[in-house]
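Undergrad: Protein chains in written order, with our numbering: chain U, 1 to 364; chain D, 1 to 493.
The hints are simulated quantities; they were obtained by calculation from the structure and are not laboratory data. Predicted model, so just to flag it, every value in this text is computed and none were measured. Any given hint might turn out to be false.
Claimed, not checked - Quick partial rundown of chain U residues pointing at chain D, CB under 7 Å, derived from the structure:
1) Arg115
2) Gly120
3) Ser140
4) Lys141
5) Leu143
6) Val145
7) Ile149
8) Val264
9) Tyr276
10) Ile280
Beta carbons: idealized from backbone N, C-alpha and C, even for Gly.
Spelled out from the first residue to the last, the chains are:
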Amino acid sequence: MERSSNKNKNYLTVSQFATIIFGTIIGTGILSLPNGVVKVAHQDGWISTLIGGIYPLYVVIIASYIGKKFPNDNILILSKKYFGKILGTIFNLIFATYFIFMASVIASYYSNLMRSYMMGFLTSFKFLAILFICIIYAVSKGLKVIARISEICFYLTVILLITPVNALKFSHMTNIYPVFGSGVSSILKGALESTFAYSGAEIILLIYPFLKEKKKILVASFMSITIVIVLYVWCVFITTYYLGPDIVNKNFWSFLVVTESVSVSAINNYRYIFMYVWSIIAFKTISINGYASVFILKDFANKIQKKKINFLMFPLLLYLAYNYGNEISRQNISNNVLPWYILFNLLYMTSIAVFIFLKRGGKA
Amino acid sequence: MENGDLVGNIELIRNGLGAQSPMVVKHFYIGSDQPLEAAIIYVNGITNKDVVDRDILNPLMIHIPENLNGKANIADYLCKRYISVSNTLVESDLEVVINYLKRGKTAILINGATEIIIADTTGSQQRAIMEPMNETASKGPRDGFVENLEVNISLVRTKVKDKNLTIELLNIGRRSQNDLALVYINDIVDKQVLEELKKRLEAVDVDAVLSAGALDQYIESYTYTLFPQADSTERPDRAIGNMMEGRILLILEGTPMVLVYPATFMQFFQAVEDYTQRTVLSSFVRFLRILAACIVITLPAVYLTLIKFNVELIPIKFVTPVVQSRVGIALTPFLEIMAMEIVVEFLREGGLRLPTKIAQTLSLVGGIIIGDTAIQSKMVSPTTLLIVGITVITTFLIPNYDMSLSIRLLRFPMLVLANIMGIFGIAVGWFILLVHLSSLDSLGVPYFEFHKSDMKDTFIRAPLWKMNKRPEAIPNTNPIRQTDFRDKFKKKR
Chain U
1 MERSSNKNKN YLTVSQFATI IFGTIIGTGI LSLPNGVVKV AHQDGWISTL IGGIYPLYVV
61 IIASYIGKKF PNDNILILSK KYFGKILGTI FNLIFATYFI FMASVIASYY SNLMRSYMMG
121 FLTSFKFLAI LFICIIYAVS KGLKVIARIS EICFYLTVIL LITPVNALKF SHMTNIYPVF
181 GSGVSSILKG ALESTFAYSG AEIILLIYPF LKEKKKILVA SFMSITIVIV LYVWCVFITT
241 YYLGPDIVNK NFWSFLVVTE SVSVSAINNY RYIFMYVWSI IAFKTISING YASVFILKDF
301 ANKIQKKKIN FLMFPLLLYL AYNYGNEISR QNISNNVLPW YILFNLLYMT SIAVFIFLKR
361 GGKA
Chain D
1 MENGDLVGNI ELIRNGLGAQ SPMVVKHFYI GSDQPLEAAI IYVNGITNKD VVDRDILNPL
61 MIHIPENLNG KANIADYLCK RYISVSNTLV ESDLEVVINY LKRGKTAILI NGATEIIIAD
121 TTGSQQRAIM EPMNETASKG PRDGFVENLE VNISLVRTKV KDKNLTIELL NIGRRSQNDL
181 ALVYINDIVD KQVLEELKKR LEAVDVDAVL SAGALDQYIE SYTYTLFPQA DSTERPDRAI
241 GNMMEGRILL ILEGTPMVLV YPATFMQFFQ AVEDYTQRTV LSSFVRFLRI LAACIVITLP
301 AVYLTLIKFN VELIPIKFVT PVVQSRVGIA LTPFLEIMAM EIVVEFLREG GLRLPTKIAQ
361 TLSLVGGIII GDTAIQSKMV SPTTLLIVGI TVITTFLIPN YDMSLSIRLL RFPMLVLANI
421 MGIFGIAVGW FILLVHLSSL DSLGVPYFEF HKSDMKDTFI RAPLWKMNKR PEAIPNTNPI
481 RQTDFRDKFK KKR
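The following block holds chain U by itself, in its conformation from the complex (with noise of 0.2 Å):
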């Protein structure tokens, strides 16, 4: 029962543990959600979502299984030793890289959003560069600081999504129905392209060692993508039910024509507020990325070079986020570079896995 100030000090808590894997999944991409998954599923996006799912409890398994055989190491030591020194630099290297390009692609999107509804006289350079510098800000404060930014986080975003509940007596049910017309292979379609919206729960396999309780890393990381899923289900559920699965596509960012639906009486818009919180939620899961991302390049770097490699992220991410350009070619970019990341991914942390499982039988 005892607590004391310092032996908490570098350890993240249970909470905070499964509020930064909650983070790194819920960043922008929720708000144009509907749209991938909808226009290959149809009415019966929400299935498909529920089924993407299936990915973030993988590398929740998987993640879980290596923090249990090696609870002290991160999977950057873990792929140095199983993969030999040379081959595990270059797949931590890609592994930092996905972290840099998962956070310049959300800042993208969101500069993207912001100046398209309410900041066009901002451009995009000004706005990026301005947002980068909270992030290597909020970056070089360390990972218990976004650890507590996640924590308020997650009651905020919990909040904010849930609050389009007003759109449900708008709805009809006609927009959601036949439930299962739209086919299995298109459902299952959609899921794969649900599935993009899930990464980042891989950040499980850098933060496990940080966590001080080692043996709640699989129901902590379990709850909180429970409650991804159900959010994400929502949200594509509330989009198709409220606007009909034609019209989901006509929006960019369709879950926030919903947010249309709230209507506060002291100002005009709802969707206002609604951009403005969630702006802070961006900015954290850009962070987190960032975090992820310098974590992994410090790895590499000798003592003196640590503390510039904040520094050196800044004009690396501004560049990218900028270089994405305007929202149709940045998502292309995201659906054509996202997929490999994801195959990389799953192959990077399954080989680990498998190599301790064989490594472990043959020392037994």
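Given chain U, work out where chain D should sit, using these hints.
TA: Using the frame of chain U, we list chain D on its own:
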């Protein structure tokens, strides 16, 4: 003390206290037949002369019927037999004696004896215990700390009779040599926090520590943050409440402000009345305070965004009055708000140290004349004035003055951000604020961290009998503070 030479010893003490010290020496004889030569020494102004005259000089000079020559342990004998002061001790170390003299005690030297009697005659002039002006509570005790360390300690001691209440005395300031008391409950306080605090206090090396606020700045970790890193209070009940949660009280001689370590952000939104008033009421008030803090930081910035960038968001019925009121105003919205905010800050800072009679003039000129003429001369719009007025009123809801000042300062950077980037700027401001708060710590204890079990006393104030555990945010060694005692008399249905 090397020998019993009376004149020599007096000279040594005089050197120790400083040649210019207002030291009083009185020579006299004690005993009958062949009287012994003796002297008392005290520092003028900090001793109670009545006690010296009545309980030391009177018995020693008049009421000793025996011959004391050759008596072994004469100092001890005199203490036990003749000196009718309750707190006496016998000391032979000159340094210690000098230290006592500085604190208002009286030394009795006897020719030929190597020991000195110290009698407690402390009694300088001090302010009476009264209700602190800056922290009043409608329901609650009326006593407040004063400038005297012993009185302050006694105020705590009389309210907490636990044997684990520990009072550690330290000395600080090279020239002022202030006494400093660390007060905590030994089996609750976290030893690492305590060690850290002591380490920092012992490291302080300055001429004088004149106030608690200065001491706090000497030992805090983050110099350039806006936020206070120690809570300070003049109310014993508040200090004790904090101590019971595992915090450490730091009482400095010469100031009625007691510092409370470690500090957490949410603590500054709790007030004494929260615990004396009813649950629902306290929860409501606490909610109001947090809302107020948000309004102070955001409202002017949001208003600026609405009239500068996002006019479409103003409800249609408000558009006409807001726009009409702005017709013919020369200043830009940003300058307009900024100017009014700064005028308000002028009024506040100006009124702070003015005598009450003149302050009335200030509030008249500031509030009525400037407010009215600013609108008539088309410098600001009435809406702006309303927004600034609301902001000013809400700052007064934050119970702690330090925190209130910090938070009201935050609206200026927020205004600038909003002026450059609109609503995105406000989001940037809030995010940086959250990151900054999360990165702070007070003596290694996270400043801004929420725990599920502490929610009973953060945004709301749960029923007191439900708070069975001490707050998790403050490290402690004994988390249980009460049991479910109400089960004993509440009928289970």
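Undergrad: Work down the list of hints and note, for each, if the structure agrees.
TA: How the hints compare with the structure:
At a threshold of 7 Å, the smallest CB-CB gap from U/Arg115 to chain D is about 9 Å, leaving the interface hint violated. The beta carbon of U/Gly120 is not positioned within 7 Å of any beta carbon in chain D (closest approach about 9 Å), and the interface hint is therefore violated. Because the beta carbon of U/Ser140 sits about 9 Å from the nearest beta carbon in chain D, more than 7 Å, this interface hint is broken. Nearest Cβ of chain D to the Cβ of U/Lys141: about 4 Å, under the 7 Å cut. The hint holds.
A distance limit of 7 Å between C-beta atoms decides the matter here; for U/Leu143 the minimum to chain D is near 11 Å, and the interface restraint is violated. Because the beta carbon of U/Val145 sits about 4 Å from the nearest beta carbon in chain D, less than 7 Å, this interface hint is met. Annotation: U/Ile149 was flagged as interfacial toward chain D, and the flag holds, the nearest CB pair being 6 Å apart, inside 7 Å. With a least beta-carbon distance of about 10 Å to chain D, the hint placing U/Val264 at the interface is violated under the 7 Å criterion.
Checking U/Tyr276 against chain D: minimum C-beta separation of about 5 Å stays under 7 Å; hint holds. The criterion of a C-beta within 7 Å of any C-beta in chain D is met by U/Ile280, whose closest approach is roughly 5 Å, and the hint holds.
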